[in-house]
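Chemist: One line per chain: the protein sequences are A and B, in this order.
Quick note on our numbering: the first sequence kicks off at 362 and runs consecutively.
Quick note on our numbering: the second sequence kicks off at 362 and runs consecutively.
Note that these hints are calculated values from the structure, not bench results.
Incorrect hints may have been included.
Which copy? The list can't say, so a pair holds if one copy fits it or any two copies do.
[What the hints assert, rightly or not] Below, in silico cross-link-like pairs of lysine-lysine (DSSO-like), each with a Cα-Cα straight-line distance of 27 angstroms or less:
#	residue 1	residue 2
1	Lys700	Lys442
2	Lys472	Lys382
3	Lys472	Lys700
4	Lys472	Lys454
5	Lys700	Lys380
6	Lys720	Lys442
7	Lys380	Lys454
8	Lys700	Lys738
9	Lys720	Lys593
10	Lys538	Lys451
11	Lys738	Lys656
12	Lys538	Lys738
13	Lys472	Lys451
14	Lys593	Lys380
For reference, the chains in residue letters:
2 protein chains.
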Amino acid sequence: MITVAESQQRIVRMQALFKEKGLDGGLFIFPIDVFYFSGTRQNSTLWIPAQGEPLLLVRKSLVRARAESVIADIRPFPSSKEFPGLFDEKIAKIGFTFDVAPVQQLSYYSKMLPGREFVDMSSLNREVRSVKSPFELEHLRLSGSTLCSVFAQVPDFLAAGMRELDLSAEFEYRLRKAGNEGYVRMRAFNQELFMGLAVSSSGSSYGFFDGAVTGQGLSIASPHGASTRTVKENEPIFLDYTGVFNGYITDMTRIFVIGTLDPELQRAFDASLDIQAFLQSALKPGAICEELFQKALAMAEEAGLGHCFMGMPGEQARFVGHGVGLELDEFPVLAQGFKVPLQEGQTIAIEPKFVIPGKGAIGIENTFAVTISGGEKITDMPDNITFI
Amino acid sequence: MITVAESQQRIVRMQALFKEKGLDGGLFIFPIDVFYFSGTRQNSTLWIPAQGEPLLLVRKSLVRARAESVIADIRPFPSSKEFPGLFDEKIAKIGFTFDVAPVQQLSYYSKMLPGREFVDMSSLNREVRSVKSPFELEHLRLSGSTLCSVFAQVPDFLAAGMRELDLSAEFEYRLRKAGNEGYVRMRAFNQELFMGLAVSSSGSSYGFFDGAVTGQGLSIASPHGASTRTVKENEPIFLDYTGVFNGYITDMTRIFVIGTLDPELQRAFDASLDIQAFLQSALKPGAICEELFQKALAMAEEAGLGHCFMGMPGEQARFVGHGVGLELDEFPVLAQGFKVPLQEGQTIAIEPKFVIPGKGAIGIENTFAVTISGGEKITDMPDNITFI
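Same shape as in the complex, but just chain A (with noise of 0.2 angstroms):
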């Protein structure tokens, strides 16, 4: 549970940014959001006025709002002829996020609303959401650890001729005993995921994700994550998996081989973690996330490998690393067009990849908090590929 101290001090950072872009405050409707300021996931609306008191308007469970949030002025939700008195009349300019506010939804308030106009904060919430507190980077070093711990054990059941799905299965139960819950919240519109991948082939690697690797998926219906395809020696076994525990999500990928490594798939990796190296030591307040991913290109390009870093050639994906936190895809992302300079508390997944065709996919991927002395590893395992 998060504290009267914790979540004013989001509030009063979102109530700044209100001032500063001349809104009246905010009404916020996407379960996380609300989590995040008030403390309870329990579907509800919370408006953050740019000056005062927030009011937190509950659909369901009421039992669980009022025990879990902070929020003092908690209330059930009120009927549509209630809703227009909860708002001054001064309040002329409402944040909504247009990011993921389904039109209906956006129609519904601001025909209650009438006379307000009601504009785009999806920016201005994942500013503030990208900068982690103290409270926040405990929660993600304790996902990233037990993560970690999951990690350490793919050698205990990893074998030849196993489905890519039995390696997942097994790898999937070992997470949820370990207290995952499960479902891994994106916030880009038409992506979605199951807790990660276990793939092999590069043939695997096509597909709608956006990232370096999609995987087969077990139907065209479901085409992300492990097929049924068995995994064989001498080839690279790619595990990209979430960890979600206290709604925080860490984000890693470690290679395993039974037996030996084609020696060009095995520079591709040497590439993967001189650039991870790079950019650990590069992740400190102020550093701009595209000269980052330039720098990341350029180096996958000396090393010669330009062509499939990030995906299959011709479907690559344009970043090397993405926020994370209560959602999979936060604020910044290490990409061409993003301007900004990183911010200490920042956590970041970075995932130098390459996707080689005919020979598979490979990499490292580590999440990482930004702090003035460089990248500090929350899934603090080593990188190196585990032979078995």
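Using the hints provided, position chain B relative to the given structure of chain A.
Modeler: Using the frame of chain A, we list chain B on its own:
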């Protein structure tokens, strides 16, 4: 993979509704909607004109979309400049799924197509999807029988003293090994789910989830499903799980007891079977959804259990059945306000349940198909409580 004929009959039904409602076509951007009509869930946008051939515009993966989809005209997603040229000048009124499309998406598309009116086609889309073809019913039967095969294994691993989480992990492990795809799609805003529930104790029933039982969950951030509470003797152990196979979802609940059951809970269970028996016999084309709910509620009241029907007193869900298919929450809903008649081929999870404070949650759930002779049980295994 769907056939060309299967895709075409779906599109023709959608086009008939477009014509009836005066729309010139619909722009589908939500992944499972695109999948339903085109056969691929890759990241893409599908244009279905009221007359003429559909067009699939693919962001990623074009390779997979071309391999998977039966749409004849598949192209890479065009630039913003090229996009308007794809739409005839006569196209004035464009359907869009306002129920799930974020405001930013509507803004993006309406800017590219200025002068066109975008209208909400959410209910038309859901109406088409609610009636399953023979091909879909076969997939649903397969989903149901595989889910049943895992429920049948529960006595092998259920034991007093294990945590709800351990019970979940054992169930989910077997479900996954059986080929379950894991990610459970839900359409309703703010609902989310990880595979299902394994809960005991009535205190677990409060929660945000729009159902009779939410479960305590593992944290305030993920307040759904199993907790770390241990399962005890002589209490109802409530397992409510989904199966997801080839994208098709079935939903069922069974009760397990280690020892003996409180007579009040047994009476409530018997009432749930009576309600289910009535509803199964009534699942025929033409029956009015709302009336089925009202009759179920009346039966619960006659049994003296109206106050705890479909949830904790004060937090009762207002339905007794919901459509299932590619999403867990499809049309129709057996609820107040749904004055529409059932149609042959609709598939509905019927779930009369009771939550008795201090004693526990109990009831039954099965997925049925609407047929001219009443509900065909898709999750075909005995309904009885399993005593261990």
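Chemist: It remains to establish, for every hint, whether it holds in the given structure.
Modeler: The hints, checked one at a time:
no. : hint            : in the structure
1   : Lys700 x Lys442 : between (45 angstroms within a copy, 25 angstroms between copies)
2   : Lys472 x Lys382 : both (24 angstroms within a copy, 24 angstroms between copies)
3   : Lys472 x Lys700 : between (37 angstroms within a copy, 25 angstroms between copies)
4   : Lys472 x Lys454 : both (14 angstroms within a copy, 22 angstroms between copies)
5   : Lys700 x Lys380 : within (23 angstroms within a copy, 47 angstroms between copies)
6   : Lys720 x Lys442 : neither (63 angstroms within a copy, 38 angstroms between copies)
7   : Lys380 x Lys454 : within (11 angstroms within a copy, 39 angstroms between copies)
8   : Lys700 x Lys738 : within (24 angstroms within a copy, 57 angstroms between copies)
9   : Lys720 x Lys593 : within (12 angstroms within a copy, 51 angstroms between copies)
10  : Lys538 x Lys451 : neither (52 angstroms within a copy, 58 angstroms between copies)
11  : Lys738 x Lys656 : within (20 angstroms within a copy, 59 angstroms between copies)
12  : Lys538 x Lys738 : within (24 angstroms within a copy, 33 angstroms between copies)
13  : Lys472 x Lys451 : within (17 angstroms within a copy, 31 angstroms between copies)
14  : Lys593 x Lys380 : neither (58 angstroms within a copy, 54 angstroms between copies)
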